[in-house]
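With the hints as constraints, model all of the structure from the sequences given.
Throughout the first sequence, residue numbering follows our numbering, covering 1 to 410 in sequence.
To be clear, the hints were calculated from the coordinates, so they are not data collected in a lab.
Treat the hints with caution; some may be incorrect.
To be verified - Lysine-lysine pairs mimicking DSBU-like chemistry, simulated, CA-CA at most 35 Å apart: (1) 404 <-> 390; (2) 53 <-> 92; (3) 348 <-> 377; (4) 151 <-> 191; (5) 218 <-> 96; (6) 191 <-> 208; (7) 218 <-> 160; (8) 208 <-> 29; (9) 192 <-> 218; (10) 53 <-> 191; (11) 10 <-> 155; (12) 151 <-> 352; (13) 151 <-> 240; (14) 192 <-> 158.
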Amino acid sequence: MKFQRPKGTKDLFPEERSIHNKLVQIFQKVTSRYNFNEIETPAFEHFDLLSSKSGPELAEQIFMLKKRGDEEFALRPEYTASTARMFIDIQKEAPKPIKWSYSGRLWRYEAPQKGRLREFYQLGVELFGSKSPLADAEVISVIVDFFKELKVTSKEVKVKVNNRKILQGILTEMVGEKKLDEALRLIDKKKKLTKAQFAADCELLNIKEIIPILEITKLEELDGLNLNELSTEGVEELRKVLDFTDNKFVEFDVSIIRGLGYYTGTIFEAVDANGKLRSLCGGGRYDDMIESFGGEKCPATGMAIGTETLTLYLTELERLPEVDTAPDYFIAAISESVLPAALKIAKKLRKKHSVEIEMMKRSLGKQLNYASAINAKKAIIIGEKDLAEKKVTVRDLESGKEEKVKLDSF
RNA sequence: GUGGCCGUAGUGUAACGGUAACAUGGAAGCCUGUGGAGCUUCAGUCCCGGGUUCAACUCCCGGCGGUCGCCCCA
1 MKFQRPKGTK DLFPEERSIH NKLVQIFQKV TSRYNFNEIE TPAFEHFDLL SSKSGPELAE
61 QIFMLKKRGD EEFALRPEYT ASTARMFIDI QKEAPKPIKW SYSGRLWRYE APQKGRLREF
121 YQLGVELFGS KSPLADAEVI SVIVDFFKEL KVTSKEVKVK VNNRKILQGI LTEMVGEKKL
181 DEALRLIDKK KKLTKAQFAA DCELLNIKEI IPILEITKLE ELDGLNLNEL STEGVEELRK
241 VLDFTDNKFV EFDVSIIRGL GYYTGTIFEA VDANGKLRSL CGGGRYDDMI ESFGGEKCPA
301 TGMAIGTETL TLYLTELERL PEVDTAPDYF IAAISESVLP AALKIAKKLR KKHSVEIEMM
361 KRSLGKQLNY ASAINAKKAI IIGEKDLAEK KVTVRDLESG KEEKVKLDSF
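This is how it looks when you write it as structure tokens:
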């Protein structure tokens, strides 16, 4: 019986896992500079927690666990709900703001496609307690610094920022609150439609005045419009976010909507310059969630980076972090009688180095062949003749140069 | 949820309505203390189920999986 990997999952072999670890490590380095402290949440939660902030369509995509008694559990499809739950536990006594980071696996029951799996990995941060645009800017700066640390340039990746309030204000004036979601959904789809189709759909919804507004690329151009209070507030917040972040990487994009989720103000996503891949990360402000989860009203902002698309893009850019899974030493034992001596040397070397020892009883030729196949840097050849003189041979596997080394020098 | 394409040793490929081969990788020998080459040997394959047929890896249907889209994307 041969088993197949479950749909939408991925096995990581040492090289891939090692690259992944490096990405996580770099992320942790960046977040700790901003004093985001790492947390972890359960991989599964009560279904109600995970589904409460989403519509029926998203609830469909939650991985359910088999029902136990009356309790319904599901695998987390994101971190935000869990961290919000966690935050509420300590909300009263904790000094604000609270800044947390995380990295871990998430699950969504969806059809896999490029950059999207059923089990995937996200790196993220959440910031609770500050309503200042500075908080959003700090979250965005983590993204920018992370890309810089990966040697990705502002020509290759952009963080596109918008503020929910701007379009919300404008569209509410045009169509009222009832049709707001529908209008936002259409604008979110704009890139996938032709100009004519989009214009026709706008006509249907009675929002064709929005078309020229969506062409705007500079924040100042919005100032000329006669905006309502909500929109003006959004513009002011956005202006500050842009002021506080790296203007090479971060730019205003009025068409960024980010679904119809829980976002209330600043929203952003990082995209590859060609726009070929799905977004590299996303986030924004969600000032209503804590209260709706039973906490006291509290502003919050955060973001998450998916490693799948990131890895695809870094591969394309040939900018994957370098990793080395090869051992420093391979210990070749010519006969079984030298194994005790071989193990002694291995034990000493392993205090500082990665060491592999022969365990296949192969001929010396085969052993060296293997050592070079796994890219070992040096081989230590242990045989009875040398051992009688308390020596071993150390061979540099790249140059082929050898020297006799005394046993007690290890 | 849905559409297109795809599914043969670990990997990459080939052939064929009569149960499969080549390359590479693996183990081993030539070579009982010196690798990356060569030669030789060994192990290893038709995704699963049903149908058609004397006979199915091959044709048909379904499933599973891969891949790229659509819906959606917290």
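What's the verdict on residue 218 and residue 96, does the C-alpha distance respect the 35 Å limit or exceed it? Holds. Residue 218 to residue 96 sits at ~34 Å (cutoff 35 Å).
Decide if the proposed pair is consistent with the structure: residue 10 and residue 155, CA atoms, cutoff 35 Å inclusive. 30 Å, holds
Residue 53 and residue 191 were given as a pair; does the straight-line alpha-carbon distance stay at or below 35 Å? Answer holds: residue 53 to residue 191 is near 26 Å, not above 35 Å.
Next pair to validate is residue 151 with residue 191; report whether the Cα-Cα distance is within 35 Å. Status holds; Cα separation ~29 Å.
Is the hinted pair residue 192 and residue 158 satisfied, with a Cα-Cα distance of at most 35 Å? 20 Å, holds
Going straight from one Cα to the other, do residue 192 and residue 218 come out at no more than 35 Å? Roughly 23 Å separates the two Cα atoms, so the pair holds.
Given the hint that residue 218 pairs with residue 160, test it: the Cα-Cα distance must not exceed 35 Å. 12 Å, holds
Are the Cα positions of residue 191 and residue 208 separated by 35 Å at most? Distance of about 16 Å is within 35 Å: holds.
Tell me if the straight-line CA distance from residue 53 to residue 92 falls inside 35 Å. 23 Å, holds
Does the structure keep residue 208 and residue 29 at a Cα separation of 35 Å or less? Violated, at roughly 47 Å.
Can you confirm whether the C-alpha distance between residue 348 and residue 377 stays at or below 35 Å? Holds, because 17 Å separates the two Cα atoms, which is no more than 35 Å.
For the pair supplied as a hint, residue 151 and residue 352, is the alpha-carbon distance within the 35 Å limit? At roughly 30 Å apart (the allowed maximum being 35 Å), residue 352 and residue 151 satisfy the hint.
Consistency with the previously given hints fails for number 8 only.
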